Amino acid sequence: MSAPTRQGGLTSTGTGGVGDSPQRPDANLKVRGEFAYSSDLWHEDMLWGATLRSPHPHARIRGLDTSAALAVPGVYAVLTHEDVPGENIYGLEHPDQPVLAADVVRYQGEPIAIVAADHPETARRAAARVRVDYEVLDPVTDAAAALRADAPVLHPHNPGGNLVRHARIRHGSGPLTADVVVTGEYTVGMQDQAFLGPESGMAVPAEDGGLDLYIATQWLHADRRQIARALGMDEEKVRLHLAGVGGAFGAREDLSMQVHACLLALRTGKPVKIVYGREESFFGHVHRHPAVLRYEHGATRDGDLVYVRASMILDGGAYASTTAAVTGNAATLGAGPYQAPTVEIDCYGVYTNNPPCGAMRGFGAVQACFAYESQMDKLAQALGMSPVDVRVRNAVEQGSVMPTGQVVDSAAPVGELLALVRDRPLPPERGATFDLRELPGGVSNTTHGEGVVRGVGYGVGIKNVAFSEGFDDYSTARVRLEVTGGEPVVSVHTAAAEVGQGLVTLKAQIARTELGVARVVILPSDTAVGSAGSSSASRQSYVTGGAVRAACERVRADVLALAGGAAAGLAGGKVVDGAGVVLADLVEVLGEAVVEHTVEWRHRPTEALDPVTGQGFAHVQYAFAAHRAVVDVDVELGLVRVVELACAQDVGRAMNPDAVVGQIQGGSAQGLGLAVMEEIQVVGGVVRNPSFTDYLIPTVLDMPPMPIDVLERADPHAPYGLRGVGEPPTLSSTPAIVAAIRAATGKALTRVPVRPEHIVGD
Amino acid sequence: MKAATPEAVPIAGGTDVMVELNFDKRRPPALLDLGRVAELSGWRTDDGHVRLGATVPYARIVGELGDLLPGLAMAARTVGSPQIRNRGGVGGNLGSASPAGDAHPPLLATGATVELASVRGVRTVPADEFFLGPKRSVLAADELVTAVTVPSAAGPQQFAKVGTRNAMVIAVCSFGLALDTGTRRVGTGIGSAGPTPLRAAAAEDFAAEVLPWDDPPALTDEVAREFGELVAAAATPIDDVRGSAAYRRRALSVLARRTLRWAWQDVRVR
Ligand SMILES: Cc1cc2nc3c(=O)[nH]c(=O)nc-3n(C[C@H](O)[C@H](O)[C@H](O)COP(=O)(O)OP(=O)(O)OC[C@H]3O[C@@H](n4cnc5c(N)ncnc54)[C@H](O)[C@@H]3O)c2cc1C
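Chains as they are written, first to last, in my numbering: chain A, 1 to 762; chain B, 1 to 270.
Since the hints were derived computationally from the structure, they do not count as laboratory data.
In this text, all values refer to a predicted model and were calculated from it rather than measured experimentally.
Treat the hints with care, as some may be off.
Stated by the list, open to error - Here are some, though not all, of the chain A residues that point toward chain B, as calculated from beta-carbon distances under 7 Å:
no., residue
1, Thr446
2, Met677
3, Thr699
4, Glu757
Every residue, glycine too, gets a C-beta built ideally from N, C-alpha and C.
Using the sequences and the hints, build the whole thing.
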């Protein structure tokens, strides 16, 4: 069957190598609204799929009757767990989630049946006519209670009961006593990635009995592995093609409608498109783990940390998803970017009947950062020191030893980042005249200055880049150089997901820098080339960037061999010698030749953690950002306006400086959202606000101006010296803003998001 | 037409109707597009009143009625985003009859009337008798809101709304205030803190009584505080996903206090 109408490859012409900021090849399309997202996929013969979901967070399914749904005119298929030909189970690290629920549902919104019909509305109406006989069970909704011996076990085959993972760090043997001790318990609410392009894709059956799936995802090959297993089909027959992705932030790491669309396409023999609506999307992907974190910090009277103890519980919800890795991150990064001789951390990832939680920008490091930074402020107060001084005094630097025993073996300019944001001039005080847009409450006219108090706060965080704990983390790139239309053209083919971060731009920049060719074609990402790994963990510039560079190097070596003689490099479409003198035109050297290389590229290996002590070389790279937040708080109404959010981040090498700043702004905005508004409210396992009316994300009137300092301290282990950029700013903006609100109000504020009630409450 | 097919759903700006259709909350057999009905889309002054057609969008209210209907114009400014203000209007806000509708508090505070028409004729209902419960009003199935008639401002007016975001937010609670320096009356309207928009009658009477209308000095703290407390006492809020009842009461007392001060400051300046 023919391919659907969709976004094709992108051609990048002109200039712009590594270190420049060329325009994105898809920029004009996106700004004009012409870019085809996965929800725009179209095929003449297509059917529409819809999903029936459980209204209950925990229930036994006693019976399923699809006859009324099948009787609806226009319906082509109604499928349940009985129609899953392979194993009815999937999961990223830890397969435990049914494609369609069989006997039990474990969260509100769990898929039970799927329908294909000739109109989306018909499909939805038919799905609603599937009759399910539920025996409603009490949901397990408190993560701490889920760990108690008397809690109902949600996954009987899991050896740990409701425990997904306990990550344990024991480092140093110093005393757990100190002159100055501060303790605290902190709570992080459930944040959503809130991408704008809902889950969507289209499965097209193929003549060989396999199929093509056009899909917005973060990792084509991980999807393919899980889909093939559920379909009971060889992976080669399941061909995935990246469709236009409208944001990801971790929410597309797990499967959503992928297998469902494939099942319906195979059953009906027709292309099947599924697009979630906004409400369904809230049930269609995992969220950030809510967390309760207890900390104790001990320090000398001079402010040197003596020990850090922490115990954290992350609510993983109904299925494991990436809970184990998130738990590992929260534990290994749980002391923050600080040196403490003795560290004891226990982090528990837990099953409950709450919505499943998994990957979201920051991945476990966000929750820990809010807690340890709140503690550092508390410590500063107990010591009578400034919050920046106590942080700088304890900051890690190159050569420091992490609580895992791992030596920080590249730049770690934590103290410098803090000093940069501290030393920036403060924004001017509010004047006598006012503009409502600059006051807490904004245009809603709640104050003309009454009750408004300014506060300043700081935060700094540490994030691992790329996959950790011994994961075989690699990417594949195929690079081809040939003469087309009298011009040398490079094409770059990877399976890496462009999710908005700008990897399409960067791949062309790398090809241009390495091969000296202006015209670069970025082929659509698909599974016809090897895995690129996930577009997550701030890793694609590093890993796929590394693969593209390595493939370019091989292509270049072949071309130089073709040219022979003194050929030493490629620049401006010419072959040059070691001194840059032009030897020949690339077009002539290549002639009819096609030079192509495919490279699988790995970063240096990491190690699993010792399960008892949590020691090991677990992370390939660390990344750091610091924020200073200035806020105005209406202390009588509890409304907040962030006045300015300064950030300093070390990126190793700014591969594309505009894109770096964009990541810092976007990550900081997501951290601001967690600080003051973003939360999926779940009561008794039921989501109360699955819409953008009540799940609020920051608007342009909530995001303040951001002065940004970008440091470039090359990491010698990484391609071009780069350091992952996407996640660190999400970590530290939250605690910086909350610290500023504390400074303005004097309230303890141990929970995010901070709600107006918390500020005005007693 | 509305009489012939009473199930037909009127659509003005569509900013509520289309959301309901998209969320599959309703599937009407027909939509009745009011967009092309000229009588509904304009406003005129009439004997000290403004007759505001049901489909005049918020953007025009902000742009054209800031002097005549300052409270409503301030409320209109807080609605949604520019796109929503270009489409949505007061007729649709009344049609939805949400307790959180931002047009309602100023209509209550100014003593506006709602004009309803059907084949049976035209009737007018005072704004404070229009609402019956959450999303319920006296509007009959075969009736349309044709206009609201709002007294032109006879003194300072204010509107303030609390939301947990600095723009594009549904009210956690809101408050509208209108002073009539001629008749020395004080009007109030409370939004999103009860099953319907509410007036705070005791607060109105208190303020009308104690405000020093003849020779306005600065407002005393006692008067402002008492007014705020009476407004909060008039509310009947609940705990919900947008905020707690206790917070709403507390915030209303602050909004009432502050808006009275701002309005009184205007009285003094005049
Ligand atoms: C993103 C967004 C943000 C929003 N923000 C706010 C906000 O901040 N504050 C706020 O108050 N509202 C807000 N709303 C809701 C909405 O914009 C308002 O209620 C608006 O006033 C509706 O007007 P409309 O012309 O679009 O109504 P429509 O959607 O056309 O109609 C609304 C209802 O009224 C009925 N109706 C319309 N006209 C008439 C008539 N003449 N006679 C009888 N019935 C009629 C319709 O049948 C329907 O039931 C928001 C909506 C969206 C989508």
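Do the hints match the structure? See the list:
1. Thr446: 5 Å, holds
2. Met677: Holds: closest Cβ of chain B sits about 5 Å from Met677 (chain A), inside 7 Å.
3. Thr699: 5 Å, holds
4. Glu757: 5 Å, holds
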